[in-house]
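Visitor: Quick note, the sequences are listed as chains A and B, same order. Under my numbering, the first residue of the first sequence is numbered 9, with each subsequent residue one higher. Under my numbering, the first residue of the second sequence is numbered 9, with each subsequent residue one higher.
Keep in mind that the hints were calculated from the coordinates and are not lab data. Note that the structure is a prediction, hence the values are computed from the model and not measured. The reader is advised that the hints may include incorrect statements.
Since the list can't tell identical chains apart, any single copy or any two copies may satisfy a pair.
[Stated by the list, open to error] SDA-like mimics (lysine to any residue), calculated; alpha carbons at most 20 angstroms apart, straight line:
1. K410 <-> G447
2. K174 <-> E63
3. K60 <-> H238
4. K61 <-> L235
5. K474 <-> R538
6. K410 <-> V523
7. K60 <-> A502
8. K61 <-> L415
9. K61 <-> F203
10. K352 <-> L73
11. K410 <-> L358
12. K61 <-> L267
13. K410 <-> W566
14. K60 <-> V113
15. K61 <-> V181
16. K410 <-> R354
17. K352 <-> L85
18. K352 <-> H92
19. K352 <-> R96
20. K410 <-> I220
21. K410 <-> E272
22. K174 <-> L327
23. K91 <-> H271
24. K410 <-> F356
25. K60 <-> G540
26. K474 <-> A212
There are 2 protein chains.
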Amino acid sequence: MLAKMSVDVSLRALRTLRLLVLVSLCVFISVSAASSPAQEEDSAMENIVTEKKAEESHRQDSADLLIFILLLTLTILTIWLFKHRRFRFLHETGLAMIYGLIVGVILRYVVQVPQDTKPVPTSCLLNASTPTLLVNISGKFYEYTLKREISSNEVNDVKDNEMLRKVTFDPEVFFNILLPPIIFHAGYSLKRRHFFRNMGSILAYAFVGTVISCFIIGLLMYGCVTLMKHLGQLGGDFFFTDCLFFGAIVSATDPVTVLAIFHELHVDVDLYALLFGESVLNDAVAVVLSSSIVAYQPQGDNSHTFEAMALLKSLGMFLGVFSGSFSLGVATGIVTALVTKFTKLRDFQLLETALFFLMSWSTFLLAEACGFTGVVAVLFCGITQAHYTFNNLSPESQDRTKQLFELLNFLAENFIFSYMGLTLFTFQNHIFNPMFIVGAFLAVFVGRAANIYPLSLLLNLGRFNKIRSNFQHMMMFAGLRGAMTFALSIRDTATYARQMMFSTNLLVVFFTVWVCGGGTTQMLSCLRIRVGVDSDQENSVSFADGSERRSTKQESAWLFRIWYNFDHNYLKPILTHSGPPLTTTLPPCCGPLARFLTSPQAYENECQLKDDDSDLILTDGDISLTYGDITVSTDATGARTSDGLATDDLDRELAYGDHELVMRGTRLVLPMDDSEPPFTDHLRM
Amino acid sequence: MLAKMSVDVSLRALRTLRLLVLVSLCVFISVSAASSPAQEEDSAMENIVTEKKAEESHRQDSADLLIFILLLTLTILTIWLFKHRRFRFLHETGLAMIYGLIVGVILRYVVQVPQDTKPVPTSCLLNASTPTLLVNISGKFYEYTLKREISSNEVNDVKDNEMLRKVTFDPEVFFNILLPPIIFHAGYSLKRRHFFRNMGSILAYAFVGTVISCFIIGLLMYGCVTLMKHLGQLGGDFFFTDCLFFGAIVSATDPVTVLAIFHELHVDVDLYALLFGESVLNDAVAVVLSSSIVAYQPQGDNSHTFEAMALLKSLGMFLGVFSGSFSLGVATGIVTALVTKFTKLRDFQLLETALFFLMSWSTFLLAEACGFTGVVAVLFCGITQAHYTFNNLSPESQDRTKQLFELLNFLAENFIFSYMGLTLFTFQNHIFNPMFIVGAFLAVFVGRAANIYPLSLLLNLGRFNKIRSNFQHMMMFAGLRGAMTFALSIRDTATYARQMMFSTNLLVVFFTVWVCGGGTTQMLSCLRIRVGVDSDQENSVSFADGSERRSTKQESAWLFRIWYNFDHNYLKPILTHSGPPLTTTLPPCCGPLARFLTSPQAYENECQLKDDDSDLILTDGDISLTYGDITVSTDATGARTSDGLATDDLDRELAYGDHELVMRGTRLVLPMDDSEPPFTDHLRM
């Protein structure tokens with residue numbers, strides 16, 4: 009026994025040693041990679057040819073990117089160790105930030121930079137700046153592209169430290185490359201059934217709540233800023249619109265850390281759906297809100313007064329951009345669904361996956377090209393793809409697309425968080441004002457509270473399945489800030505106000521991710537929130553004991569009911585192979601259109617025609633995937649109602665899924681797939 | 009019967025109609041997307057604020073990228089139709105080129121461009137160009153980054169057509185973003201067993217053959233250019249180094265079209281391996297060769313004379329860069345293998361896949377940062393990953409990584425080919441010289457012949473399994489040019505010579521992809537090359553009839569034998585969980601090191617210890633994956649030898665795989681997985 013233990017211990021020690029060797033190897037490679045271009049620069053100094061310099065610049069870029077790649081690698085290895093040891097206090101994003109911080113400190117205080125590569129400010133005779141500049145330098149022409157405008161006080165800093173400036177990415181990278189996959193993945197992985205069941209509450213939190221939060225924070229910060237001005241603590245302009253902008257960008261919650269723990273511990277699915285749905289949608293609201301606030305530009309000299317017209321214009325812009333992005337996203341999702349429905353692309357999984365990826369990407373580009381917000385479009389595209397297109401894909405492509413976006417999301421998220429850590433030390437225009445920071449933390453807290461508690465109170469009036477107070481506290485606690493807040497803050501750091509916001513936001517993100525994220529498990533047990541809830545198991549329990557089924561019609565009943573009927577009768581049959589044939593649901597005048605749009609499967613199912621080469625898909629499985637297993641939650645406190653017999657059609661559908669629906673004879677889809685047990689059981693009965 | 013047929017026909021017509029609707033919808037979206045920014049520009053004209061212009065530029069970029077995304081979408085849909093109808097004359101890459109051509113024509117002749125966005129050449133007082141430029145424009149500072157040098161005759165063109173210039177990507181995009189996944193995928197999907205079996209021949213074709221081809225083409229083109237100069241057909245300088253450069257870049261073959269058909273028709277695996285291996289490796293050779301030729305810079309005034317020192321320097325550079333890139337690629341592959349071996353990362357597939365992806369990407373960045381060639385490093389990294397790391401991955405990650413790189417390869421490849429089509433009309437400095445073009449086609453033909461036929465003759469002296477003349481003709485025919493040639497030509501189009509090369513190369517690619525690619529099936533039947541060869545089936549046939557096994561030791565025997573022994577005894581045990589424990593293969597003096605490096609599995613296997621929580625992997629499966637099913641080819645002509653009894657150890661290993669090996673008792677690995685039928689069968693026997 010003792011011998012076995014010592015073997016175990018020594019084996020474990022051996023493995024840990026190996027890991028350390030590997031990790032230090034990685035660090036060594038990273039350091040040597042980071043230092044090698046610096047050595048190379050000495051030899052390059054002699055040669056002042058442009059090509060050499062461009063090559064040098066390319067090498068430098070590669071080395072910079074390499075630092076991040078190796079940071080991510082380190083994060084992965086460490087997070088594996090944490091997961092392996094079931095250590096839940098630090099999520100991978102929090103860890104990525106820590107590593108980023110460390111590398112930031114090294115870059116700032118350890119690495120020495122040669123001073124020869126400073127850019128030289130030149131005085132060109134130009135009336136206005138152009139996106140492209142052709143410069144005639146001693147007879148040769150060079151093409152330069154505009155990167156950004158630099159504030160005059162920044163010019164000296166720029167010249168100060170080339171190295172730090174080099175590891176600073178173009179802020180648009182976050183918006184155009186890193187955020188889209190994250191947001192798309194969020195939309196694509198929304199737990200649909202719970203999302204739709206709690207749709208009313210989620211929309212309330214996301215829209216009303218975010219606007220409340222934005223204005224509360226904006227007003228509080230305006231008070232704080234006014235006080236600072238009186239005390240002489242303010243070193244530059246800070247207008248009310250700036251305060252509102254701050255409110256908007258800091259209202260985007262990103263509880264990725266909390267959700268990961270929820271997922272792992274199987275916390276109540278409704279709480280999960282509420283938090284996730286809110287965080288996904290409020291990102292979209294915050295983006296559009298902040299751009300509308302920036303667009304608020306009253307005419308005349310004093311550009312920071314109140315003006316009704318400008319306000320209306322901003323409001324119109326908010327509505328226009330939001331609805332435009334929404335429509336675009338949904339439209340491309342629908343096009344993809346139609347393409348995958350009416351072609352047999354599913355026979356070629358690579359083509360199918362590629363098409364899915366390209367169509368989803370094109371949503372972003374289309375929205376950006378039309379002047380809408382790509383990130384918002386991508387979100388709604390993701391939701392549409394998950395709700396319709398996903399059902400048309402072959403099982404292999406379903407896996408492929410899920411895994412692809414999961415990977416992209418993972419990489420992009422950790423990249424952003426490690427960059428966040430890095431930028432705390434490498435960003436050269438930080439303005440840390442203690443009073444502003446304290447004010448911001450307070451305002452963020454109050455803003456979150458003003459979002460959650462009053463809205464929950466109102467929502468509970470209408471909800472049957474109340475949002476209990478411990479759930480409310482948890483939602484309050486889970487108001488972490490993350491990638492979206494960061495990306496919105498770093499986008500524009502030209503003015504004093506923006507720089508102070510950026511620095512403060514960084515601290516808000518660090519604090520919430522580390523403290524709130526790290527304390528999630530403690531908070532869960534402190535609030536006595538049930539863990540280990542298996543949604544399927546819960547479902548079967550309620551089936552076994554029929555009287556326990558709880559009516560779900562009261563909660564968000566009208567919204568959900570309208571949506572469900574429309575979706576089931578029209579959208580599903582049009583966009584997927586499932587649902588009743590349109591010929592039975594559409595009015596007779598639309599006959600030809602209905603026949604054109606209805607899937608051949610629906611006809612075949614209806615006419616009981618079996619064709620040899622019919623590309624029969626799992627019509628039955630498709631339905632059950634989406635609605636067949638809608639769970640009926642039981643209250644953790646034990647409160648139960650027994651209105652099992654008073655249920656209406658909709659409720660019965662929710663409880664039994666579409667199998668039941670088919671049996672009642674009102675719908676004509678008869679699934680052909682005999683291998684599906686629940687249906688054949690029904691037939692035999 | 010007639011009724012059924014008419015239903016069939018009408019159904020088919022309906023489907024085709026739907027497809028047309030969908031495709032035209034896509035086209036409509038693409039056109040409207042492309043035209044919308046143009047409309048927007050009118051309103052933007054009034055506002056000369058930089059931010060607006062930058063936003064405009066971003067929108068334009070989105071629209072440009074959108075064009076390509078939609079092109080790829082169209083390509084996918086069309087290629088699906090082709091595959092669906094088993095139409096093999098046009099591969100997706102050929103189709104992508106056609107669509108690119110069409111869009112190029114539209115952009116060039118149909119779309120009107122507003123003329124206000126021309127870049128203005130400015131005369132700045134600078135001594136030398138810098139990578140970053142700070143420009144002081146009426147009090148505000150703007151940061152510009154160097155894009156490229158423009159030749160003086162190009163300056164006017166640049167001003168001519170902003171629209172066409174806009175859809176022109178930075179040529180470095182191809183090298184730094186699009187080529188790496190293609191090349192990595194090629195390495196990662198090398199059919200390893202056949203690749204290693206034909207290693208000698210492949211290396212000969214790739215190294216010797218490419219150098220021969222480069223010099224033959226270079227010499228022929230020098231003759232052609234000299235003739236043109238005499239006839240007064242030459243409008244600029246064209247030196248011998250330019251000719252050699254042309255020879256190098258046009259020597260990179262890319263028979264992706266042919267290989268796709270080979271794969272589909274199951275053409276002889278050896279021919280496949282020869283062609284694929286050659287094309288993969290000669291890309292690497294061509295890249296390094298061309299950069300070495302560019303680096304040939306004799307000192308003194310006349311920079312295009314022969315100088316021994318400069319030649320030696322170039323040669324040294326070739327060897328240095330190639331071996332450096334090779335080592336780096338292999339090194340990161342080995343690091344990844346070690347990390348995946350010594351951690352239990354396989355429990356978390358997402359982390360595992362992410363790590364794999366990041367490590368592979370870091371190879372590229374590391375090589376570029378060190379001044380080596382990233383593309384070459386990535387190729388050898390891919391081969392190493394496939395040979396070692398792949399065996400350490402969990403089955404799910406094996407699928408994920410394969411599918412991920414398959415998708416990236418597909419997208420990048422089709423993007424490049426559609427860009428190729430586009431650029432024929434949108435590139436503004438084409439120089440089409442009929443004489444040069446005819447000369448180039450001839451030279452490419454002769455160069456390919458001088459590569460294949462003499463080398464095959466020499467190789468056949470040493471090979472037992474001769475490369476028959478019809479295989480040689482097929483290899484000659486399959487010398488398509490593709491992505492690599494294009495990427496190398498577009499990288500630098502500053503001089504007259506380079507522009508003429510670029511235009512000519514485009515035509516070479518078009519011709520070979522369409523004509524040679526499209527005629528592959530005809531050529532196969534014309535040359536009477538057997539199709540429908542199933543490597544596994546072939547294998548079992550030779551097993552059933554033991555006397556038919558053909559010795560493979562003669563072909564590349566010494567090279568393969570050395571490699572195989574080293575790999576099996578040392579590399580596999582160090583880098584994967586399979587193979588004999590190092591304690592038995594390494595000399596006793598290396599005892600501690602051997603114990604440290606040997607996988608716990610190997611110990612456990614050796615000691616017959618079964619642990620409850622041992623992370624037992626499919627040791628057996630791993631081996632069989634790599635060596636267990638090495639096929640023994642039968643000659644298509646029916647020529648057979650029966651030296652089955654005279655086979656030596658190595659040959660027996662090849663025939664039976666490692667299962668046999670284990671049974672002979674000389675090795676100590678006893679696979680633990682009882683579910684593997686071949687091994688258990690052996691035991692029962």
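Visitor: Are any of the numbered hints broken by this structure? If so, which, sorted upward?
Guide: Hints 1, 3, 4, 6, 8, 9, 10, 12, 13, 14, 20, 22, 25 contradicted; others consistent.
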